[in-house]
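Those protein sequences? They're chains A and B, same order as listed. So in my numbering, the last one in the first sequence is 1474, and the numbering has no gaps at all. So in my numbering, the last one in the second sequence is 827, and the numbering has no gaps at all.
Since the hints were derived computationally from the structure, they do not count as laboratory data. Accuracy of the hints is not assured; some may be wrong.
Said to hold, decoys possible - Covered by chain B, according to a simulated footprint, are these stretches of chain A (three or more residues, beta-carbon under 8 Å):
(1) 1280-1293
(2) 1304-1315
(3) 1319-1329
Claimed, not checked - Quick partial rundown of chain B residues pointing at chain A, CB under 7 Å, derived from the structure:
(4) 705
(5) 723
(6) 724
All of these numbers come straight from a predicted model, not from anything done at the bench. Ideal Cβ placement from N, Cα and C applies to all residues, glycine included.
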Amino acid sequence: MIYEVNGLSFAYHGGPRVLDGVSLTLERGEVLSILGPNGAGKSTLLGCMLGMLVPQEGSVRLEGRDIAQLKPRDIARLVSYVPQNLAPVFGYTLFEFVLMGRAPLIPTLGRPGPADRAAAREVLEQMGLTRLADRACTEVSGGERQQAAIARAIVRQPQAVLFDEPTAHLDVGNQLRTLRVLKNLSRQGYAVVVTTHDPNHAILLGGRAAILDRAGHLTAGPAEEIIREDALRQVYQADLKLQWEPQLGRTVCLFPNL
Amino acid sequence: MRKLLPAGRGPLYALSLGTLLGALLLVGVVCAVCTGKYQVSPAASLEILFQQLLGLESTYPEMTVNVVMGLRIPRIFASVLVGAALSLSGAAYQGVFSNPLISPDFLGVSSGACIGAALAILLGLPGGTLQLFAFVGGIVAVSLTVALPTALGNRSNIMLVLSGVIVGSAMSSILGFIKYVADPETELAAITYWTMGGFTYISLGDLLPTLPFLILPAAGLLLLSWRIDVLSLGEDEARALGVNVPVIRGLVILCSTLLTASSVCIAGTISWVGLVIPHLGRMLVGPDHTRLLPISALLGGLFLLVVDTLTRIIGAAEMPISILTGLVGAPFYAWLLWRQRRRAL
Chain A
1217 MIYEVNGLSF AYHGGPRVLD GVSLTLERGE VLSILGPNGA GKSTLLGCML
1267 GMLVPQEGSV RLEGRDIAQL KPRDIARLVS YVPQNLAPVF GYTLFEFVLM
1317 GRAPLIPTLG RPGPADRAAA REVLEQMGLT RLADRACTEV SGGERQQAAI
1367 ARAIVRQPQA VLFDEPTAHL DVGNQLRTLR VLKNLSRQGY AVVVTTHDPN
1417 HAILLGGRAA ILDRAGHLTA GPAEEIIRED ALRQVYQADL KLQWEPQLGR
1467 TVCLFPNL
Chain B
483 MRKLLPAGRG PLYALSLGTL LGALLLVGVV CAVCTGKYQV SPAASLEILF
533 QQLLGLESTY PEMTVNVVMG LRIPRIFASV LVGAALSLSG AAYQGVFSNP
583 LISPDFLGVS SGACIGAALA ILLGLPGGTL QLFAFVGGIV AVSLTVALPT
633 ALGNRSNIML VLSGVIVGSA MSSILGFIKY VADPETELAA ITYWTMGGFT
683 YISLGDLLPT LPFLILPAAG LLLLSWRIDV LSLGEDEARA LGVNVPVIRG
733 LVILCSTLLT ASSVCIAGTI SWVGLVIPHL GRMLVGPDHT RLLPISALLG
783 GLFLLVVDTL TRIIGAAEMP ISILTGLVGA PFYAWLLWRQ RRRAL
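Please model the complete structure; the sequences and the hints are all you need to start from.
In C-alpha cells:
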C-alpha cells in the first residue's frame, strides 16, 4: 500500500471545511481519477497528500509512515507532483528542467552528477523529447511542456505521481496524448492520482475513480461503479448523460443541448 | 548520440567564457591603473605594483607611487569587488524570487543598508558596527518588501517590484529624517559623504575588513547555486522537489543581503548593476545558476571597473558613478519590461 488516507478533514484559516472525513487508499500500478466541480477541494486533497497542507483531522500514511513525520526530501523521493499551471519564468532547457526532478536525490550543496544526467537523458528519450532537449522550456508548446513536466516527475523513479488537472490547458490532441502517458505510467507500476473535471477522462483511464462533492465528501471505488449518471448530475448540477458506445466498447459522457 | 546541451550553454562554453572574462578583467585592471588625469605608463604602473608587493625600494617619484598604490589600486580593487558582489546578489535575488524584474536596490536592500549605516553614525557607534547595522537595515528592508505582497494576498512579480518601491520610498524618508536630526557639523557631513557613494576616497584600510563579508556569502551562494535553480521554479514546485524552501530561501537572502550591505559599506548605493548584469549573464550562458552566478560576478566586476574608469576620465570634474550606471540601466529596464510582455526571459 503506497497511500492510506484516513478521515482527512481540512479547512483554510478557520473557514468552512474543504475536505470532510476523506479516506482513500492507493496501490502500486493503480490509477485513481478524482472528479469534482471547481472549488471542491481536489487540489487541497493533493496538497495534503504531498504534506504541503496539514489537515486538522485524520492522517495521511505514505508507505506505512505518517507523512507529518517525513521531511520534504523524503516525501519527494516517494511522490512526484505535476502542478496544474506550468509557467516557468526562466528559460531553462528541457534537459535542465527535467534534471531538476532529481533534486530529492542530490545533497543540498551538491550538483547533478553523471548518473543524474544519464537518467534525465533516458527519460527524455522515453518521452520522445530528445529532439527538444536543448530548447528553452519557455519556448516549447504547452503540450510539450506538460510532457517535460511528466518526464521531470518520473526521472527520480518515485512510487507515486500526483497530477493536478494535467489536461486543463491542453487542446484535445494533447489531452489524449497526456492521458495515454498516464495510463502507461500505471502499467509501468507507478501509482497515479489525477484530478480532472472531465468524466470522460476518468472513464478512459479506467482503474479507480473518486468523486469529491462541494461538501468535501469523497466517494471512491472502481471507475465503472463510481461514474454513474445520477452521481455526475448531482455533483456537477448539469443534465449529463452516460451512454454505452459499442464501437468504442466503453461508456461516454454526453453533454445536453444548450 | 545527439548533444543534449546546446553549444551556447554547455559547461565547456561557460568555462571558456569565464576564462575570457577573467583575462579581460585582468587587462581592464592594468588599463585602469594607467588611466587617469595623472599619466602613468603601463610599464611604470606594473613596476610600481611589483616593487610594492615585493617590498623593494621604489625607483619612481613619491607622487607617482601614491597615485598608483594609494588611489588607483584600492579604487580598482573596490570597483571590481562591488560590481561582482552586486551582480551576484542580483542574480541570486532574481532566482530565489523567480522574478527577473528585481535587484538589490529594487528590493529596498540598498536603501535599508544605507539607513542602518546612517543610524550607526548618528548613534556615534564605532566603525566596526557600521557593517552590522547596514546588514540589519538591509535584512529589515528585504523582509518588509517580501512581507507586503504576502499580506496583500497578491504575490505577482509586479507586486514585489511595487512593494520594493514602497519600502524604498519609506527608507528614503527615514534617511531624510536621520539627516534632519543629525548634527550638521559632524554627523550630517559623515552621513552625506557616506551615502553619496562612489569609489573616490576608498583606501585599502577601509576595504580589507570588508573582504570576509564579501567572500563568505559569495561562496555560500556559489555552493547553493543549483538549489537556486530549483527554487526559481516557484515555491510549490520547489517544495514538491524536496527543497526545504524557508531554510534555503532564507540562506540565499542572507548571503545576498550581506553582499549588498558590504557593497553599500564600501561604495554607497550604486543602482542598476544588480539588475542589468544578471540579465546579460543569462543571455550569454542561460539561466542555470551554476554557470550564471560566476559569469555574472565576472561581468559585474568588469562592468563597474569600466564605468568607474570612465567617470575618472570624462569631463573636468569626476562624474558620480550612478549617472553612468543609470544611463545604461534605465533604458535596459524599459527593454526588459517590453520583453516581459512577450514572456521570453
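Hints versus structure:
1. Coverage of the stretch 1280-1293 of chain A by chain B holds [criterion: at least 3 residues with CB-CB distance below 8 Å; count 7].
2. Closer than 8 Å: that is the beta-carbon criterion, and the stretch 1304-1315 of chain A has 8 residues meeting it against chain B, so the requirement of 3 holds.
3. Evaluation of the coverage hint for the stretch 1319-1329 of chain A: fulfilled, as 8 residues show C-beta separations to chain B shorter than 8 Å, against a requirement of three.
4. Given the 7 Å rule on beta carbons, the hint for residue 705 of chain B holds: about 5 Å separates it from the nearest Cβ of chain A.
5. With its C-beta approaching chain A no nearer than about 4 Å, residue 723 of chain B sits inside the 7 Å limit, and its interface hint holds.
6. Restraint check, residue 724 of chain B versus chain A: the minimum CB separation of about 3 Å is within 7 Å; hint holds.
Checked against the numbered hints given earlier, this structure breaks none of them.
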